[in-house]
Amino acid sequence: MTDDDARPAGDDPHPAIELRGVSKTFGEGARAVRAVDDVSLTVRRGEIFGVIGYSGAGKSTLVRLINALETATGGDVVIDGQTVTGLPERRLRDVRSRIGMVFQQFNLLSSRTVAGNVGYPLRVARWKRADRERRVAELLDFVGLADKAKAYPGQLSGGQKQRVGIARALAASPTILLADEATSALDPETTREVLALLRRVNAELGITIVVITHEMDVVRSTCHRVAVMEHGKVVEVGDVYDVFSAPRADASRRFVGTALHDRPSPDALARLRERHPGRLVTVGVREGASTGTELFRLLREHEVDGAVVFGGISEVGDRPFGSLTVELVGRADRVALFLAELGRHADVVDLGTAAHPLDDPRTLLGGRS
Amino acid sequence: MNRDWSTLWPILWESFGQTLQMVTVALLTGGLAGLALGLALYVTRPGNLLANRWVFGTLNVLVNIVRPIPFIIFVTLLGPVTLQVVGTTLGTEAFIFPLSVMTAFGTSRIVEQNLVGIDPGVVEAARAMGASPWRIITTVLVPEALAPLILGYTFLFIAVLDMSAIAGIIGGGGLGNFAIVYGYQRYNWAVVAVTVVVIIAIVQLAQLLGNRLARRALHR
Chain G
0 MTDDDARPAG
10 DDPHPAIELR
20 GVSKTFGEGA
30 RAVRAVDDVS
40 LTVRRGEIFG
50 VIGYSGAGKS
60 TLVRLINALE
70 TATGGDVVID
80 GQTVTGLPER
90 RLRDVRSRIG
100 MVFQQFNLLS
110 SRTVAGNVGY
120 PLRVARWKRA
130 DRERRVAELL
140 DFVGLADKAK
150 AYPGQLSGGQ
160 KQRVGIARAL
170 AASPTILLAD
180 EATSALDPET
190 TREVLALLRR
200 VNAELGITIV
210 VITHEMDVVR
220 STCHRVAVME
230 HGKVVEVGDV
240 YDVFSAPRAD
250 ASRRFVGTAL
260 HDRPSPDALA
270 RLRERHPGRL
280 VTVGVREGAS
290 TGTELFRLLR
300 EHEVDGAVVF
310 GGISEVGDRP
320 FGSLTVELVG
330 RADRVALFLA
340 ELGRHADVVD
350 LGTAAHPLDD
360 PRTLLGGRS
Chain V
0 MNRDWSTLWP
10 ILWESFGQTL
20 QMVTVALLTG
30 GLAGLALGLA
40 LYVTRPGNLL
50 ANRWVFGTLN
60 VLVNIVRPIP
70 FIIFVTLLGP
80 VTLQVVGTTL
90 GTEAFIFPLS
100 VMTAFGTSRI
110 VEQNLVGIDP
120 GVVEAARAMG
130 ASPWRIITTV
140 LVPEALAPLI
150 LGYTFLFIAV
160 LDMSAIAGII
170 GGGGLGNFAI
180 VYGYQRYNWA
190 VVAVTVVVII
200 AIVQLAQLLG
210 NRLARRALHR
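Sequence order for the protein chains is G and V.
Numbering of the first sequence is given in numbering that gives the first Met the number 0, commencing with residue 0 and proceeding in unit increments.
Numbering of the second sequence is given in numbering that gives the first Met the number 0, commencing with residue 0 and proceeding in unit increments.
Since the hints were derived computationally from the structure, they do not count as laboratory data.
Glycine included, every Cβ here is placed at the ideal spot set by N, Cα and C.
Possibly wrong hints are sitting among the right ones.
Sample of chain G residues facing chain V (criterion: CB under 10 Å; computed from the structure) [to be verified]:
id: 1; residue: Leu68
id: 2; residue: Glu88
id: 3; residue: Asp93
id: 4; residue: Arg97
id: 5; residue: Asn106
id: 6; residue: Tyr151
All chains should be modelled from the sequences, with the hints used to inform the complete structure.
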C-alpha cells in the first residue's frame, strides 16, 4: 500500500510501473508481428492509469508485459524499482503474485466456489488455512458478496463474477491491479458498478490501477491519466482532462468524440441551421472559467438574445467539461462585440449563420460517430 | 457335453471376479499413466503451458503408433516385455500388463481431448497469480476438466471391459473367455446370453455411476 502523499510525485524515484522503450514481437522473419513498438511510459504510484486503443492496438500485450505473462523482446519493464525483464521464471512468479489482474471474461475457476476462487492466490502464496479464511471473508465483504461465498461461478451474474474477479485479484494484497477490459463484457449499469468498485479500490486501498479499455467513457469516469495506443505505439499520454479538452493525436480525438456528445455532428448542425437561421456559436465549458455565468452576463451586457440549441456538460474525472451551442440574435455590431468579449473568457467556435455557414474544425477532424 | 448350470454358476462367478480384477488394475495403473501422458501431451502442445515442440511431437507420434495396433496382436507383440515384468506370458496376470499399457495410450488421448476444452483464460489467470506449472496442472487443469474426465473414464471402463474379453488367447479368464469357452465353442447359447446380460448390467451400472459423478462435478 502506498501513502496518499506519494500520488502526484511525477519525479518519484520508484514509480509503480516504468516501461523504457519496451517492444514485443510475436513470430519471426517475414511473419513477425510487432504488437508493442518502443513504448515508454511511467505509471505513478496510487493513480488510475488508462490505456485506450482499438482492438489490435497492442494494449492487451502491453498489460501482459507489465506482469510478465509475456516477456519483452526489447526494452525494460521496471516494477516498483525492480527490473523484471530477463528475470528467471521462478522470480517472475513472485513479481506476478504482487500484481493483481482482472479479466474481460472473468476467468474464474468453475470448479471452485466463490470463496475458493478468492482464496486461490492465497493457496499459491502458501497462506495458512485460518488466515486464508479470514482474508477471503474480508474481501468478499469489501466487494459486497459475503452471502455468495459458497456459490459457484456458474450461479452468478456477470457483475457478480467480475466482483469475485476483483476480490481474487486483491487477495494477496498487491500494490498494482491490472484491469484488462474488465467491463467490456458487462451491461452499462453493471459497468458503472464495477468501475465504482475499482475507484474504491484505488481510493481506499491506495492500489495503483492500470485500466485497459476501448471505451473512452471508462477513461472519462475512472482514470486520472491516459495513454492512447495505436499500431503498437503510444501516440499520446496525459491527464485525462487535458486529453479530453485538447487531444493532440487523431486517435485521441476520435476516442474523445465517442465519449462526448456535446457538439453537434455535421448532420445535426445542418438540421440546427434549418431550425435556427441566426448566428450559431459553440462555447466550451471548462473547470475554473465559469463560462456558463460569463456567457449569460455578456449576453445581457451586449443586449444580444441567446438561445441554447445544443450541448451538454458532464464530468471528466470529477471536473466539469462540455459545451453549449447558442443561437445569437441581435444587431450585428453587438453580436461581434459580444463574441470578441466572450472569446477572451472561453473557447468559442463560430459556426456562422444558415446563410453563411462555417464548419466546426473539431467535428470535421474528429470524425465523430 | 453341456455342463449343468450348477457347475457353471461358480465358474461364471469366478470369471466375473477375474474381469473385475483385470479391468480395475488396468484402469488404475493404465488410467493413471494415461492421465500423466495425456497431461504431458496437452501442456507441451504449441502455445500451451510448457510448450515443447520436440516432446509433443515425440509423444504424439508414439501414441499414434501404439493405438492403431489391433489389441490381439499387441498382446503378442508385448510378450517379451510381459515376461520381464510379470514373469510369465500366460494367465490373467500376464494379460493385465498389455491391457494396462493399451489402456494408458487410449486414456492419454481422451484426457488430452478433454483438456483442450479448458478456457485458456483460466490458465492465464492462474499464471498471473504466480502459480507454478505443476500447481496449475494439479489445481486448475484437472479440477476444471473433472466432469468430462469422469465421463471419459467411464467410456474407458467399458472399452477396457471389451478388450478384456480376449484374455483367453493367452490363457487368461474373465467373462469374455467364459462366454467363448463355455458358450460359443459348445453351442450353448444360453451361456452366451447370460454372460452378455451380465456384461450389459455392469456397463449400465458403470455409466449410471459415471453420469452421476460427472453431474456432481459440473457445479452448474
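So, against the hints stated earlier in the document, which numbers end up violated here?
none
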